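Those sequence lines, one after another, are chains A and B. Under the working numbering, residues 1 to 272 are what the first sequence spells out, in order. Under the working numbering, residues 273 to 429 are what the second sequence spells out, in order.
I should point out that these hints are in silico values taken from the structure, not numbers from a laboratory. Any given hint could be a false lead.
As the list claims (entries may be wrong) - Which chain B residues face chain A? A few, computed with CB under 10 Å, are given here:
| hint | residue |
| --- | --- |
| 1 | GLY318 |
| 2 | LEU328 |
| 3 | ASN330 |
| 4 | ALA338 |
| 5 | SER402 |
As the list claims (entries may be wrong) - Straight-line C-alpha distance at most 25 Å; calculated SDA-like pairs for lysine to any residue:
| hint | chain 1 | residue 1 | chain 2 | residue 2 |
| --- | --- | --- | --- | --- |
| 6 | B | LYS313 | A | ASN3 |
| 7 | A | LYS82 | B | ASP325 |
| 8 | A | LYS51 | B | GLY349 |
| 9 | B | LYS313 | A | VAL23 |
| 10 | B | LYS283 | A | ALA8 |
| 11 | B | LYS388 | A | LEU178 |
| 12 | B | LYS313 | A | ALA8 |
| 13 | A | LYS269 | A | GLU227 |
| 14 | A | LYS46 | B | VAL345 |
| 15 | A | LYS138 | A | GLY106 |
Everything numeric in this text was worked out from a predicted model, so none of it was measured. Ideal Cβ placement from N, Cα and C applies to all residues, glycine included.
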Amino acid sequence: MVNGYVAASLQEALELRAAHNVVPYAGGTDLMVENRPGVAYLFLNKVPELKRITVDDESIRIGAAVTFTEAIASPDVPQLMKEAVSRIAAPAIRNAGTFGGNLGNGSAKADSVLIEFVADAKLRLVSLRGERTVDVDKFYLGRKKLDLGNDELIAEILLPKQGLEQYYYEKVGGRNALAISRVSFAGVFAAEDGKITNVAAAFGAVADTVLRFKDIEAMLLGKTLDEAKALKADYLRAYAERMVLTRGRVSAEYRKNVCMNLLGDFLTKFGV
Amino acid sequence: MADIRFTLNGKATAYAGSAVDRLLDVLRDEYRCTSVKCGCKEGECGACSVLIDGVLYNSCCVAMGAVEGASVVTMEGFRETKRFAALEKAFGEVSAVQCGFCIPGMVLAAEALLSKNPHPTEDEIREGLSGNLCRCTGYNAIVNAVNNAAKEGNGLW
Chain A
1 MVNGYVAASL QEALELRAAH NVVPYAGGTD LMVENRPGVA YLFLNKVPEL KRITVDDESI
61 RIGAAVTFTE AIASPDVPQL MKEAVSRIAA PAIRNAGTFG GNLGNGSAKA DSVLIEFVAD
121 AKLRLVSLRG ERTVDVDKFY LGRKKLDLGN DELIAEILLP KQGLEQYYYE KVGGRNALAI
181 SRVSFAGVFA AEDGKITNVA AAFGAVADTV LRFKDIEAML LGKTLDEAKA LKADYLRAYA
241 ERMVLTRGRV SAEYRKNVCM NLLGDFLTKF GV
Chain B
273 MADIRFTLNG KATAYAGSAV DRLLDVLRDE YRCTSVKCGC KEGECGACSV LIDGVLYNSC
333 CVAMGAVEGA SVVTMEGFRE TKRFAALEKA FGEVSAVQCG FCIPGMVLAA EALLSKNPHP
393 TEDEIREGLS GNLCRCTGYN AIVNAVNNAA KEGNGLW
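Isolated chain A, as found in the complex (with noise of 0.2 Å):
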């Protein structure tokens, strides 16, 4: 084949990754609109290992070649990133783009990328030199920069078997189907005996990467929903003064006002 490997297995994948200059090539729907001159392209969308979702004890397992159709049918994957997901583009798209490629595409406005955020996913790496492990929002160095080597494959995405069930997801587009998100929101909640375990928050499209910031959450850790809304004004306030929007299809002052609005709404539907 010219330009072109196809890998039956992950081993063999792994071998000709690290044996060839080539781009990793999953579903191919952000590959053929970029479609870079001189390239050459590893084939994953036929590797077993890549296509499974499995469950573990602690994880949902969903392969770096798993397609959005295939995960919106699956009953192990969860609902939020069913609702993320069932959302990008239209069923034909869906039918190819996959979890791996939204993730190696390394743009902050990848659907799956911002479920992957609020949930802390992980991501398993493998190459022949071994695996690791690594948290997501470590994955992402910075617009379009990954903390991924030559030689290297998205293997899974781990994303954890609870704690996801409470959730708040919107994506702003410019119509019904087939948009771009110009600004997309996660929020996770949970609470036990009264008091907040978990208020994730994780916006998508409006910076280089998804943005997250975990030490304005943990104000509101461990506070009753009475204490939660004494500080949601500071909590909010916090958030304005940190997020520093790029401007992208549309202002980032617009971003900025339905960020807040949308944060704010997240913590209204669960009490605070």
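With chain A's structure known, arrange chain B on it following the hints.
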């Protein structure tokens, strides 16, 4: 170097060009499957929709290397089926076709939808066709056509 082997409309074939080439371009230029239209090259319009192993894809967003070993169906192949006859009749009866540019993709999207969901609701039809843009009809006639095809072609899907 080995060619890329795949099946096009039921016939085995081999492509000797680059694995990076767009399926869309190869179908049109190499195989003269001109039912496959190029509207955007960005996966936004659906005019280049094809079925690969029965699943709907935008052929502009598929590299040739990805179809190694796969079965590709375009309108040139699908038009030989009974399902196509039912869709053609339904599209004609409600005047769902005007300029026709989007129609091969629209019909293959309908086939992909009905083969998974033989009795879709109107919302499900609109979702199934949501990746296929039409600048002429305003969509309602197309939605009606797919709905009628599902009813009248009962048992085909």
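For each hint, the structure was consulted:
1. GLY318: Holds: closest Cβ of chain A sits about 6 Å from GLY318(B), inside 10 Å.
2. LEU328: holds (5 Å)
3. ASN330: holds (5 Å)
4. ALA338: holds (6 Å)
5. SER402: OK, holds: SER402(B) within 10 Å of chain A, min 4 Å.
6. LYS313(B) - ASN3(A): Within the cut-off at roughly 20 Å; holds.
7. LYS82(A) - ASP325(B): The given pair, whose Cα atoms are some 24 Å apart, holds under the 25 Å limit.
8. LYS51(A) - GLY349(B): violated (29 Å)
9. LYS313(B) - VAL23(A): The given pair, whose Cα atoms are some 20 Å apart, holds under the 25 Å limit.
10. LYS283(B) - ALA8(A): Answer holds: LYS283(B) to ALA8(A) is near 24 Å, not above 25 Å.
11. LYS388(B) - LEU178(A): Holds. LYS388(B) to LEU178(A) sits at ~21 Å (cutoff 25 Å).
12. LYS313(B) - ALA8(A): Not satisfied, since the Cα-Cα distance of roughly 28 Å exceeds 25 Å.
13. LYS269(A) - GLU227(A): With a Cα-Cα distance of about 16 Å, the restraint between LYS269(A) and GLU227(A) holds, given a limit of 25 Å.
14. LYS46(A) - VAL345(B): The hint holds at about 19 Å.
15. LYS138(A) - GLY106(A): The given pair, whose Cα atoms are some 13 Å apart, holds under the 25 Å limit.
Consistency note: the structure conflicts with the earlier hints numbered 8 and 12.
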